[in-house]
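Trainee: So the protein lines, in turn, are chains A and B.
Note that this note's numbering gives residue 157 to position 157 of the first sequence, counting from 1, and the numbers run on in steps of one.
Take any residue in the second sequence, note its place counting from 1, add 1000, and you have its number in this note's numbering.
Simulated from the structure, these hints should not be mistaken for laboratory data.
Some clues are possibly wrong.
Unchecked claim - Sample of chain B residues facing chain A (criterion: CB under 10 Å; computed from the structure):
hint : residue
1    : 1037
2    : 1053
3    : 1180
4    : 1184
To be verified - Away from chain B, derived, C-beta distances all over 10 Å, residues of chain A:
hint : residue
5    : 4
6    : 6
7    : 51
8    : 63
9    : 69
10   : 89
11   : 95
12   : 102
13   : 106
14   : 109
15   : 115
16   : 142
17   : 144
18   : 154
Ideal placement from N, C-alpha and C gives every residue a C-beta, glycine not left out.
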Amino acid sequence: VICRFGALLLIAVVADATLASFSASALASPDLLLLSVAAVAAARGRERGAAFGFASGLAADAFLATPAGLCALAFTLVGHAAGAVGAGRRWRPWACAVLTGAACLAGFGLVSVGAALLGAAPLVLPGAFGPTAGGVATAALVAPFAFPLVARLLAPRAAGR
Amino acid sequence: VKGSSPAGIPPVLALLVAASLTLMTLDRLGPASAVLTGGRAAARQALSPLQAAGEAAVRPLGELAGGLSRAGALRRENARLRREVTELRSQAARAEALGRENALLAGALGLVPVDGAAPPVAARVVSLPNGRAGSTFVVDRGSEAGVRPGMPVMASGALVGRVVRSSRGWAAVLPLADPTSAVGIRLSGSGETGLAEGAGRSAGLRLDLLDPAVAVAPGELAVTSGLRHGRFPPGLPVGRVAPASQRGEVRLRPLAELGRLEIVQVLRWEAPA
């Protein structure tokens, strides 16, 4: 199980960095890390959502100028909250998009507020809103396709097989 | 409640929140912060081959799409660049002659170099930013070479960002084009001052002049004004004014291309307290 979570995290980190590098102003690049946190939480519940959020937050921390641990904290809370909303439900496409949009907004908001409180480089400059809004919107559009894939990847295997 | 702490918080959540808060606390302490910065840089270096492989896989598709849509514009840009090369060669020759004259005059007047700053530190870029707002690139020189947060970073003779973290052997640099970055500039021709804000890796810098009514000539060079909270020394080349968009928005095209950075120079200049 840990290998599958690890593989998913690695794919999300590399794909996120690759897509963001190629998109103009990162406007069209989905925030794949928070999308995967929401998808994991929806598939496997709040505890695994929080754990996956913590791991992906650490990965995000490695790339950002924010204090170490800030994204880990924000993504942990997002993963837990997303899992609490309704793990194990059968998610309709629009619900996947709404949950992902809310998770991305919450993650960005928590990191921005945390960075401002800690006196770090603020992510709330006007120029950051466009790329962030683009990342949230495209992540929500991708979510209906990503949720079933993540759920299948992380589905518990039947005993005895 | 079963599986919850006395305060009603699930133990796993409490543990992860505590781990995050511990990391944030350690990050604010001097020695531990250096270890964490080194760890972050090492993690990014470990991921950079995968990131490079991903970019190599996607690049042909992106270039094909971009090439098809911009073939005509590329031909015009090529012709313009040829003219610019000729002009710049002539300017470079004039600048060299002026530099020699300036050194002679400065020596005659007994002037010391600007700010008496220490010689710059050359560093190799080991990891590029991932394109997200606030993401940094990493260079392989750090506190052992005198690199400290706040120092300007140059490439190809132009400003590319500033150091935001440093530890032994590593430093993280926030690119100028990042949406969370801003620099005070002065246009070298008209002398107008303003603020250049990052608009993303491929979109350059958005220019807000103090006097929005002033006409700006495309191609005009922008240098640091030294006014924006004193974050950068004055006179560092930042970029050239790009043709205005249909919405009238003026942008600066950075002189140094972020995606092709290999070697940079860290200016050991620190903002006045």
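Trainee: Checking a non-interface call: every C-beta of chain B should be farther than 10 Å from the C-beta of residue 154 of chain A. Is that right?
Mentor: holds, 17 Å
Trainee: Is the shortest C-beta separation between residue 1053 of chain B and chain A less than 10 Å?
Mentor: holds, 8 Å
Trainee: Hey, does residue 69 of chain A actually stay past 10 Å from chain B on C-beta?
Mentor: Answer for residue 69 of chain A: violated, closest chain B Cβ roughly 3 Å.
Trainee: Is the Cβ of residue 63 of chain A farther than 10 Å from every Cβ of chain B?
Mentor: violated, 5 Å
Trainee: Minimum Cβ distance from residue 1184 of chain B to chain A below 10 Å?
Mentor: The hint is violated - residue 1184 of chain B has no Cβ within 10 Å of chain A, the shortest such distance being about 14 Å.
Trainee: Does residue 106 of chain A clear chain B by more than 10 Å, comparing its Cβ with all Cβ atoms of that chain?
Mentor: holds, 15 Å
Trainee: In terms of Cβ atoms, is chain B entirely out of 10 Å range of residue 95 of chain A?
Mentor: holds, 23 Å
Trainee: Verify this label for me: residue 89 of chain A is non-interface relative to chain B, using a Cβ-Cβ cutoff of 10 Å.
Mentor: Non-interface label stands for residue 89 of chain A: nearest chain B Cβ at 19 Å, farther than 10 Å.
Trainee: Close enough to count: is the Cβ of residue 1180 of chain B nearer than 10 Å to one in chain A?
Mentor: Since the shortest Cβ distance to chain A is 5 Å, the answer is holds.
Trainee: Regarding the assertion that residue 4 of chain A does not contact chain B, is the least Cβ-Cβ distance greater than 10 Å?
Mentor: Its Cβ never comes within 10 Å of chain B, the nearest being 18 Å, so this holds.
Trainee: Against chain B, does residue 51 of chain A keep a CB gap of more than 10 Å to every residue?
Mentor: Label violated. Min Cβ-Cβ 7 Å, cutoff 10 Å.
Trainee: Find the nearest Cβ of chain B to the Cβ of residue 115 of chain A and say whether that gap is larger than 10 Å.
Mentor: violated, 8 Å
Taken one by one, the earlier hints fail for this structure at numbers 4, 7, 8, 9 and 15, listed in ascending order.
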